[in-house]
Amino acid sequence: MALPRVNAVIVGSGAGGGVVFAELARAGLSVVCLEKGRWHSPFEERKDDLVNQRNSALGVAYGPDEKKNPRVFVDVEGRERVVYPRQGEYSPNASCVGGGTYSYGAQAWRYMPQDFRMRSTYGAIPGSTLDDWPISYDDMEPYYERAEYEIGVSGDVEPNPFKGPRKKPLPMPPMTPKSLEYEILRPAALRFGLHPFDTPLLINSVPYNGRSACMRIRWCVGFGCETGAKNGTHNTVIPRALATGNAWLRTECKVREILVDGHGRATGVAYFDENDRLQEQPADVVIVSAGATESARLLLLSKSRLHPNGLGNRCDWVGRNLNGHTYTGAVGFFERETYDDLGPGACISICDYNHGTPGFIGGGMLANEFIRLPTQFAGMQPPGTPSWDKGHKDFMRRYYRRHIVVVGPTQDLPTWDGRVQLDPKVKDHWGVPVLRISGDNHPRTRETANRQAERAEAWLKEAGASFVDQRRAGRGVSGHQHQSGTCRMGRDPKTSVVDAACRIHDVPNVFVIDASVHVTNGGFNPALTIFANAYRASEQLVTAWKGGGLRG
Amino acid sequence: MDDPYAVGRRVFLETGVVAAAAAAVGCRGSEGRFRALTDDEARTLAAASDRIIPRDEDPGANDAGVISFVDRQLATRQRDDLPEWRAGLAALESSARRRHGKAFADLPADAQTALLQDVERGAVESDDWRSVAPAAFFARLRDYTMMGFYGDPRHGGNKERVSWKMLHIPDPPIRGRLHEAPSPRTTRKG
Ligand SMILES: Cc1cc2nc3c(=O)[nH]c(=O)nc-3n(C[C@H](O)[C@H](O)[C@H](O)COP(=O)(O)OP(=O)(O)OC[C@H]3O[C@@H](n4cnc5c(N)ncnc54)[C@H](O)[C@@H]3O)c2cc1C
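First to last, the sequence lines map onto chains A and B. Per this note's numbering, the first sequence starts with residue 425, numbered consecutively. Per this note's numbering, the second sequence starts with residue 14, numbered consecutively.
What the hints contain is simulated information worked out from the structure, not anything from laboratory work. Check the hints yourself; a few may be wrong.
Here are the simulated distance ranges between beta carbons [unchecked claim]:
no. : chain 1 : residue 1 : chain 2 : residue 2 : range
1   : A       : Gly898    : B       : Gly114    : 15 to 25 Å
2   : A       : Ser890    : B       : Pro96     : 22 to 32 Å
3   : A       : Asp930    : B       : Pro96     : 26 to 36 Å
4   : B       : Glu138    : A       : Glu871    : 14 to 24 Å
5   : B       : Ala122    : A       : Pro782    : 55 to 65 Å
6   : A       : Val500    : B       : Arg111    : 31 to 41 Å
7   : A       : Pro601    : B       : Pro96     : 47 to 57 Å
8   : A       : Asp499    : B       : Asp131    : 42 to 52 Å
9   : B       : Arg111    : A       : Gly551    : 25 to 35 Å
10  : B       : Arg167    : A       : Gly688    : 52 to 62 Å
11  : A       : Ser544    : B       : Pro96     : 36 to 46 Å
Beta carbons: idealized from backbone N, C-alpha and C, even for Gly.
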């Protein structure tokens, strides 16, 4: 039996979905947001070192459910196996109210102007589907600003000469006092002629929007924040949406399919509710914000007479161009203390190597890394150091408090074969086909990423590391927590899935608003760009709604 | 060293001894009370994990209660992995008996280490390792020993936070602005 009709239904309450939820509700639309995961509260936060979104050795803390949501992973040799959310090959992010933003590291990056024009900047690259975004940095600038102010960002990006033009400074100052890693890395960068600055973070450095300032614990990335100082959609835009009175969030609701009528127009969604009963939510507009892997899955699952290959998939682009980042860097081992127990971790960055290296395509930001818990560091010995027995203990005693990691997200070249599809055999707990992930990263991405590792090494050496172990690029499709690209935004319906307003080209009332639409993913963590694009797309959606074009 | 959180060496050593004694008592007292492992399996695992993290001036794997960590995981979250652990521990036993005519736990430490090195490299008699790959079993043994030793005590290992003390990590490790006092030097007993 169908539920009462609403103006809009949103699938997923993560970075993209949370913002759309608030914007549509504020504009007066009746909106239902269906979220597959639970609503976690800061007060129940127990910081389990082996069960979290960063170290999932024994499981993930914020979904998806370990047993109910398998996937199939195909490696570069073509061997396939069933994988689960705690495994890297799964490309897990999170599944709960707030999506990835509940437990993320909260680095708050604007992409650079070139990042929206990668094809124009670097030309056609064989083996890559590299393209420009249909919008520019200038189009995004006002929305970046809204995201920074409405969700809340601290830091100081003024010393970064490579940033795109901006009208306002960040709303909150950087954290003080500075950590030891900051004090060690900053002078070294300056001696190199680099331009270090305080990493922008979606974390309160001072009380902001009614929540407290960060208490500087190091167990931050991968965990929820027990004081609520970390800003995600769960504690900013989602409560604002609910406060309007015309917005409803339903948790533990698993959307199975977008329903389409005989004219190819969406009529709502079908989902399994918290008791696994099948429900129908009719709506005038459907917004898909399930994250780059699951949004593509939902479109592929939504087959109908006029859309036999799934929604938006007339030209076989849905699920293609899966990319996240190729993370490389270096671990520096010091003979001095580097550990001061002052979080949240990442605090100093450089953008000197994002673009402009002759012979290389793109690049990425470099920053000091978040925490390494002792169990994680126990696997970080350089080649030649024993991984067990007394030699291992000596290594731990000597270096746990005397090392720094510098890493960064190298911008990936998207590829046609880096993709998600529906697996023909494996089904989830609800009997729905699961994703099959396959492909490889681009060789030129690996070259750039390895160059970044060398630069991280040089920075650490200058900072006094007595030896350094590079973390170089491996092979394999990228995706993971920075997953993007599977429902590309573009002007040409033949080479993209949604238009510049994030509307599916051949379905008038279905939008995809999350990381899926990123044409390329910058050399930065993506969340702020997802927020900003969601503000931008919501504004266009509301304008279209008011014009009457979207009503069923 | 200007390390505000460093625990004095002597205090630290004493802590290790206390923890080791407590662990030994706990072990004897819990005969037959493992939730997933049999006593024999636990004995093999105890011996093997003590080679992964041996006791020296600091506590070793068993002092930290790695066995109770592994047992608890195999009785709960990792239940599905029990058959593979079982097969691996049995294979390790067979290899020990084939090579030395003795139980793994009764071998001298050097012989245990040498055998584990071969398991790690996959250089063991395949007859003993029919149902489980030696290198994969070793990786699991190593990873779980590390988790049991360095992980949060809530999981059943890292008793008395011995590894965090060894690493001079503030105790409790969640600190920041709200906990700026130097590391507590109290040792919690029992
Ligand atoms: C540990 C960690 C650290 C990170 N650190 C950073 C960082 O420092 N900076 C940064 O920029 N980014 C970071 N990220 C990445 C960031 O969180 C993601 O890029 C972002 O959340 C993606 O937004 P999204 O809207 O595309 O999808 P998500 O935030 O993943 O939201 C999708 C939501 O949809 C729900 N959903 C999926 N399928 C269905 C369905 N069928 N029915 C109903 N609901 C469904 C999911 O449960 C999920 O909640 C991190 C992520 C993690 C996990």
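Subject >> Hints breached by this structure >> reply: Numbers 1, 2, 3, 4, 8, 9, 11 - these are the hints that the structure violates, sorted from lowest upward.
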